[in-house]
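K.L.:
Given chain A, work out where chain B should sit, using these hints.
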Amino acid sequence: MQRRLHIILFVVLSLALLLVSVADLMLGTTLIPLDDIWRVLAGESANLNYQKIILDLRLPKIVVALLAGAALAVSGLEMQTLFRNPLAGPYVLGINSGASLGVALFTLSAPVMGLVSGSLFMRIGLTGMAWIGSALILLMVMALSRKIKSVSTILIIGMMLGSAISAVVGVLQYMGSDESLKAFVVWTMGSLSTVTRGDIWVFAPAIILGLVLSVSVIKPLNMLLLGESYARTMGLHVTRSRLIIFLSTTLLAGSVTAFCGPIGFIGLAMPHLARLTFRTADHRVLLPATMLWGALSMVLCALLSDLVAHSSVVLPVNTITALLGVPIIIFVVIRNRNRQ
Amino acid sequence: MIELRDVTLAFGERRLIEHATTRFERGRVTALLGRNGTGKSTLLRAIASLGAVESGEIFIAGSSLTTIGARDLARHLAYVNTERVDVDTLSAHDLVAIGRSPYTDWLGRLTAEDENVVCDAMRVAGVEHLAARAVSTLSDGECQRVMIARALAQDAEVLLLDEPTSFLDLPNRYELCRLLGELAHRDNKCIIFSTHELDIALSLADSVALVDTPNLIHLPTQQMIASGNIERLFDSDFVRFDAKIGAIRLK
Numbered sequence: 001m002q003r004r005l006h007i008i009l010f011v012v013l014s015l016a017l018l019l020v021s022v023a024d025l026m027l028g029t030t031l032i033p034l035d036d037i038w039r040v041l042a043g044e045s046a047n048l049n050y051q052k053i054i055l056d057l058r059l060p061k062i063v064v065a066l067l068a069g070a071a072l073a074v075s076g077l078e079m080q081t082l083f084r085n086p087l088a089g090p091y092v093l094g095i096n097s098g099a100s101l102g103v104a105l106f107t108l109s110a111p112v113m114g115l116v117s118g119s120l121f122m123r124i125g126l127t128g129m130a131w132i133g134s135a136l137i138l139l140m141v142m143a144l145s146r147k148i149k150s151v152s153t154i155l156i157i158g159m160m161l162g163s164a165i166s167a168v169v170g171v172l173q174y175m176g177s178d179e180s181l182k183a184f185v186v187w188t189m190g191s192l193s194t195v196t197r198g199d200i201w202v203f204a205p206a207i208i209l210g211l212v213l214s215v216s217v218i219k220p221l222n223m224l225l226l227g228e229s230y231a232r233t234m235g236l237h238v239t240r241s242r243l244i245i246f247l248s249t250t251l252l253a254g255s256v257t258a259f260c261g262p263i264g265f266i267g268l269a270m271p272h273l274a275r276l277t278f279r280t281a282d283h284r285v286l287l288p289a290t291m292l293w294g295a296l297s298m299v300l301c302a303l304l305s306d307l308v309a310h311s312s313v314v315l316p317v318n319t320i321t322a323l324l325g326v327p328i329i330i331f332v333v334i335r336n337r338n339r340q
Numbered sequence: 001m002i003e004l005r006d007v008t009l010a011f012g013e014r015r016l017i018e019h020a021t022t023r024f025e026r027g028r029v030t031a032l033l034g035r036n037g038t039g040k041s042t043l044l045r046a047i048a049s050l051g052a053v054e055s056g057e058i059f060i061a062g063s064s065l066t067t068i069g070a071r072d073l074a075r076h077l078a079y080v081n082t083e084r085v086d087v088d089t090l091s092a093h094d095l096v097a098i099g100r101s102p103y104t105d106w107l108g109r110l111t112a113e114d115e116n117v118v119c120d121a122m123r124v125a126g127v128e129h130l131a132a133r134a135v136s137t138l139s140d141g142e143c144q145r146v147m148i149a150r151a152l153a154q155d156a157e158v159l160l161l162d163e164p165t166s167f168l169d170l171p172n173r174y175e176l177c178r179l180l181g182e183l184a185h186r187d188n189k190c191i192i193f194s195t196h197e198l199d200i201a202l203s204l205a206d207s208v209a210l211v212d213t214p215n216l217i218h219l220p221t222q223q224m225i226a227s228g229n230i231e232r233l234f235d236s237d238f239v240r241f242d243a244k245i246g247a248i249r250l251k
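Chains as they are written, first to last, in our numbering: chain A, 1 to 340; chain B, 1 to 251.
Hint data in this document are derived by calculation from the structure and do not stem from the laboratory.
Don't take every hint at face value.
With the C-beta cut set under 10 Å, the calculated list includes, among others, these residues of chain B facing chain A [stated by the list, open to error]:
# : residue
1 : 50
2 : 69
3 : 73
4 : 109
5 : 113
6 : 241
Computed list of chain A residues with no C-beta within reach of chain B, every gap over 12 Å [stated by the list, open to error]:
#  : residue
7  : 17
8  : 167
9  : 204
10 : 324
11 : 332
Ideal Cβ placement from N, Cα and C applies to all residues, glycine included.
Excised from the complex, chain A in its bound form:
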């Protein structure tokens, strides 16, 4: 009975994902007919202009949106289970801010070090700094959550850490040069289209590794639903599992933040949407469901930001994710409150 529901939902979500992706390939400042898209993708000779738009602009953006959405949502799911906190997520716990600090330090000092923006080395350095930044914040939150059991206290501390770091980033911006400052400000608005085809070769492997790691801890995540004492007495190596979850979330949230800027709400809201629709807590179902919801929501955001775009103006992704995510989160909070 429940199994049938899951299969139907997986099929519906996958179809929706396909539909929105195709729509995203078609729509934009230039409308490209469906058969032309097919011809370009199949490698048949087509309008050169279309070929350029699809292969260099739209397809990379969709791939990035798919991966980024899945990554953020899964990192949120892992954090919610690990911290046993329904309101945990990369954005709320300050993981994004940590990555921002790394990126800020790097972008603002890159010109001083003589790095050319857009070079591969620059990209890897940026990503590395984002990983380090998010890893440090995650470590801090993990250490604190061992001492503090209160769900809301951890969230407040995460938000405070985020604010403090934003302030530090503000100071750094003040000291940076005009050019690097502009680059950084553009980055903070969050964008899926700044990732170039070359970038995908760094971005995709990092995200895929993070997702593979998350799949490898499906059983530990299920056991951790019952808390650490129970997980341990059921034979779980808690330290090892925590480490893998830590690596996975850092790779996922850190990489997305490095490449697309700080994107909020997807990580927090999509795991809830997966739980509400699939009505299960089993990560064997929940993890792929969360991936699908995350990918779908992100591709939808990309599509919306294209639709409202007027030639040169692009709506920042962050605006759309907030509009999409906030109602879901408010619903979850109210629901939890009613239960207690």
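P.N.:
Below, chain B alone, put in the same frame as chain A:
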């Protein structure tokens, strides 16, 4: 089954039980008694390999806790505390099924045999009818019994229960006691449970372990009642232990 050799337990800086040496056998129910904060829970956690051992060694089925693997230990020992699992979309059945973790593959898939064990565990604990319910909608008593079913699904010889009767009403308390007795005497399990309820402990348990800081006194129930230790620990200005009826009375 469980052997403590010169075990000293500490909670932070504070030493709780010092140089305890005793054995807990299969086929018996042991009640763990003691005043608040004397280390009953800590002792159970120590046996479950959840820390607090400062010196000495604990053996389960002949192997030391320091050398036995986590998965092996989980096949010998199951643990239930009073912590409430409050997950929105987790069904009671799925929670009990997580108890099969020491036996399942890397994804935690249940075989037909695992599924049978889960059903049996739920039947024995009397929670079959709750299988489809979300654990967040269960009452404290129901939740407690589901957690016991989960421990049974672990199919371990040792069952440690930290204050299992605390959330239950009177009929459910005696029902639980009957279940623990049956598991020990019929299924030959080694059961240790901590409690504050002297009458339940003395009427149900085959032996009593009493935390008399810093000592652990472990005696068969009748000998414990006759020993005078219970009066010494529990008598106060207001209550008195009556060894004849095995219960505490108001003065």
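K.L.:
Hints first: check each against the structure and report whether it holds.
P.N.:
Tested hints:
{"no.": "1", "hint": "50", "in the structure": "holds (6 Å)"}
{"no.": "2", "hint": "69", "in the structure": "holds (8 Å)"}
{"no.": "3", "hint": "73", "in the structure": "holds (7 Å)"}
{"no.": "4", "hint": "109", "in the structure": "holds (8 Å)"}
{"no.": "5", "hint": "113", "in the structure": "violated (18 Å)"}
{"no.": "6", "hint": "241", "in the structure": "violated (33 Å)"}
{"no.": "7", "hint": "17", "in the structure": "holds (23 Å)"}
{"no.": "8", "hint": "167", "in the structure": "holds (36 Å)"}
{"no.": "9", "hint": "204", "in the structure": "holds (25 Å)"}
{"no.": "10", "hint": "324", "in the structure": "holds (21 Å)"}
{"no.": "11", "hint": "332", "in the structure": "violated (9 Å)"}
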